[in-house]
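Enquirer: The primary structure of each chain is shown beneath.
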Amino acid sequence: KPAFFDWLCRMGDNALVLGHRTSEWCGHGPVLEEDIALANTALDLIGHTQLWLGLAGEVEGRGRDADQLAYLRDAAQFRNLLLVELPNGDMGVTLMREFLFDAWHHACLSWLIAHSQSPRVAEIAAKAIKEVTYHLERASDLVVRLGDGSGESHARMQAAVDLLWPYTGEMFKSDAIEAELVKAGIVPASETLRETWERTVSEIFEEATLDMPEDGYSHLGGKQGRHTEHLGFILAEMQFLQRAYPGASW
Amino acid sequence: KPAFFDWLCRMGDNALVLGHRTSEWCGHGPVLEEDIALANTALDLIGHTQLWLGLAGEVEGRGRDADQLAYLRDAAQFRNLLLVELPNGDMGVTLMREFLFDAWHHACLSWLIAHSQSPRVAEIAAKAIKEVTYHLERASDLVVRLGDGSGESHARMQAAVDLLWPYTGEMFKSDAIEAELVKAGIVPASETLRETWERTVSEIFEEATLDMPEDGYSHLGGKQGRHTEHLGFILAEMQFLQRAYPGASW
Amino acid sequence: MSQEEIAFQERVDRGEKIEPKEWMPEGYRKTLIRQIGQHAHSEIVGQLPEGNWITRAPTLERKAILLAKVQDEAGHGLYLYSAAETLGVSRDELLEKLHSGEMKYSSIFNYPTLNWADMGAVGWLVDGAAIMNQVPLQRTSYGPYSRAMIRICKEESFHQRQGYAVMMKMAFGTPEQKEMAQDALNRFWFPALMMFGPSDKDSVHSAQSMAWKIKINTNDELRQKFVNETVPQAEYLGLTIPDENLVWNEEKQGYDFSEPDWSEFFEVIKGNGPCNRERLGARVKAWTDGAWFRDGLSAYAEKAAARRAAIVAAE
Amino acid sequence: MSQEEIAFQERVDRGEKIEPKEWMPEGYRKTLIRQIGQHAHSEIVGQLPEGNWITRAPTLERKAILLAKVQDEAGHGLYLYSAAETLGVSRDELLEKLHSGEMKYSSIFNYPTLNWADMGAVGWLVDGAAIMNQVPLQRTSYGPYSRAMIRICKEESFHQRQGYAVMMKMAFGTPEQKEMAQDALNRFWFPALMMFGPSDKDSVHSAQSMAWKIKINTNDELRQKFVNETVPQAEYLGLTIPDENLVWNEEKQGYDFSEPDWSEFFEVIKGNGPCNRERLGARVKAWTDGAWFRDGLSAYAEKAAARRAAIVAAE
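Chains as they are written, first to last, in the working numbering: chain A, 1 to 250; chain B, 251 to 500; chain C, 501 to 815; chain D, 816 to 1130.
Possibly wrong hints are sitting among the right ones.
Each computed DSS-like pair below joins lysine-lysine, with the alpha-carbon atoms no more than 25 Å apart [said to hold, decoys possible]:
| no. | chain 1 | residue 1 | chain 2 | residue 2 |
| --- | --- | --- | --- | --- |
| 1 | A | K173 | D | K1085 |
| 2 | B | K423 | C | K770 |
| 3 | D | K836 | D | K1028 |
| 4 | C | K785 | D | K1085 |
| 5 | D | K1067 | D | K912 |
To be clear, the hints were calculated from the coordinates, so they are not data collected in a lab.
Chain A extracted, bound-state conformation (with noise of 0.2 Å):
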């Protein structure tokens, strides 16, 4: 049960954070049809947040809501991928970030669709898919796109690739916490993700006219709670009311 509110945090965490992150970008995008798509893009993940923390606080049973665990855990509890709270960078950065999340997120999802033994976790991922399978068309299409667009936009999406790779090897890195819920079949092993992913990654790259990097060295720790030093700032920011004015309601 510890087990399945971690694995439940990791993935409320990790829709809350790159919904937070994409969310900085509302009113600030390229061209009007990029704000909107922005905007909703953060709101299906803020919608997904309340769901998966939803049912976490559930499995935890001790009162907490998706708000409390939203609002009101500091960053050593919080079990996002690293990749999710890295800075936005430029709009390559971000939707080459988005791509590479949603090309795992949906696989990740689809398992759980058809595998997992909860069927309160399989009725979430049927629900979020639908908007996950979207995020992906999008992401994957501006990838091709910009990668095989200008001189420019491609220069800055491989450089978007080069940044982001180092951090995207967490998302295959199994350890005890999700080998418990592996056994009791209600989630994927990560590394059996990896193939789908890959997948789809290298015939979008393919397209894009993108290298995809060699596999090297893999920043770790978000899924155990140790994470960038963003994080925090992210938190202080995002929870500051809730901290703030302790009890109100809103």
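We have chain A already, so just place chains B, C and D on it with the hints.
Expert: The following block gives chains B, C and D in isolation, referenced to the frame of chain A:
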């Protein structure tokens, strides 16, 4: 007494917020000597914060100490000038802001030492002025050297002046709270400091070959708690630990 | 008036809609472009004051509502630029004029959002005033504009209700929350009144615009209507409108109230509002930083078109 | 060995200090430049992990202490670049090598600071290990280096005590604070042990450096000394050193402990540590963004010199 508390917060919050902005440069300065000088300036300002807010807490008489005032008030309770909460910009903006503020700060402290009917206020001013004199000398020197430096450094310094000028009028704008204390002989009327300030600024600008803008529209409100959108973000970061772990001892 | 102009005016008077390809006076076209363009700009600049609180929204639900709202505003911008495009001006041309300062956006967005209750006040007062302006425009003479306004008004009134809901939470919340609500009302009341523009007595364009049904009511009529509707809402919230002269006038069956400080209004229009530099700066920066993105997409579109042409040629 | 080299080695053996203008072997000079430069770089990069918490320091006093500490580090950088300059290399040359990646800084600064207790752990463990390395270097053969180390060690031991004081507050504080303290110790323990470098058995340079008294103790000696001193301090705090193999060895009158993961050490040196990109990136950005500032000061200095020359010529 509420007026006195309010005025002491103005002094303390100026030091706190400018100290915060200055400290953001730590480790990111253009030369090592600047790293040292900026850290030192920030350190001095935090020291002044402790003195002013410490006295504010005593005057208020509700048991709040300097830390509680610094860490547990929200933006609308802050009384600093808008000038000090503006983003750092480049080093030109940071130095110009420092100079414009120091010139006022020095004039204000000088008055307090010579005339304030509150011995406690005069005593704090006497402590602070040594450091502020040094800040003003340093900032003046750099404004001159950069203003009369290269074409680019001149252009950046002039751009900094033009950006910051509309925020200087607030330093010389009185209100009812101040009027009460002026009557009691504790503080100077804001407008009386303008002459000294303008003399300092115009002398240095002349040497620096910088143009003094026409007086135009002034942004107001900081002294009454109506701030820019920037202050909320400063406080979210600054106050995180005190807000997240209430009552802990550090 | 030429024959064409007379015929045109008769159509407008009969309540017919003017459609894009139909003849219209040059002044009508120009006034519409200015008005629709300015409205479109207001929608996209209007993302910023509320966008300022998205990352700090106090609950996940509030965050989602705010995101949806900001997204709607961008969507409204899109409808309106499309409506303007039917008059022969491209979105990029209009944006260029926004960025250069040649065209304006609503001054209200040059005020800062300083506490969470501002998310309520913006919805309640700013969207409220906008709706008051826009509802009559559903009956405007230009077809595409009228249809855009119908769509927009539906969403705006939803936003206004959401804003009022935030206000209720704050006004009926803790003492600190109530204080924030009052502070928000204090700061937004007069700027909201200014949204209707100065008294029409001083406006030269109004008469012609009203004849063309581009403008339906006078500024003063709408302002009075807004005050009449808003005061009881503030009373329900237990908040005080920051106007000592506000009083019910039995005779006119409406409130008497103080004029806003029009010198402030003109200062803000001149660029001296609290946030003019930040707001326009943010949009210009977004546009400039996004140049490579737009260029990249264009380059791809050209390549793709060339590839398709090559395939067609080979067949 | 040449006569000069023999004489030089005899001076070193007698404990004489070598001064800047005196003859020295080229290898001695080069090794010193590398060692002092790397130490200077470590001081300035070392501002960043602690600088990360200045804006979030939990009390005004803690903020002031942290500011003073970071300022001291920059000051140490200044002494050390000056010491290196006496060997004929300018600060700018050394910085260029830092920025290009040709010269390194201490790997410890590539680890992130993730909670407030890290401000304690950095002082206690990182400064503690640094002092352990530096105290013997007060007796190093090169005069300017030796004198810089005396000054630096005094301040560093003050920093270490402050760090330990933060650790005490955290370890004896609320359960959450104690958890942060333990977490900080868990993350910094092995990186601190790595600060002494790999075992000297594997190092080719060590023997020569020791003969020249540029290096005084072996890495393993110093690491053992550090563990012996630190374990009781951790016990006093009620914290657990994250090493299952840690045990007192009565015979050697010291602790047995696990080797750090040297593959991690070499990865971090290669650039793959958690923060290498951020740390070096921040310094390069500071330098690049500051170019106009440095150029402006130079331009002024030239103008001022020309003005003085003109006055002299006119007299």
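Enquirer: Determine for every hint whether it applies to the structure shown.
Expert: Going through the hints against the structure:
Simply put, A/K173 and D/K1085 have alpha-carbon atoms about 22 Å apart, close enough for the 25 Å limit, and the pair holds. Annotation: proposed proximity of B/K423 to C/K770 holds, straight-line Cα distance about 22 Å (limit 25 Å). Taken as a hint, the D/K836 and D/K1028 pair is honoured in the structure, with Cα atoms around 18 Å apart against an allowance of 25 Å. Straight-line distance between C-alpha atoms of C/K785 and D/K1085 comes to about 37 Å, which puts the hinted pair past the 25 Å bound.
At roughly 42 Å between alpha-carbon atoms, D/K1067 and D/K912 are farther apart than 25 Å, so this suggested pair is violated.
Going through the hint list in order, the structure does not satisfy hints 4 and 5.
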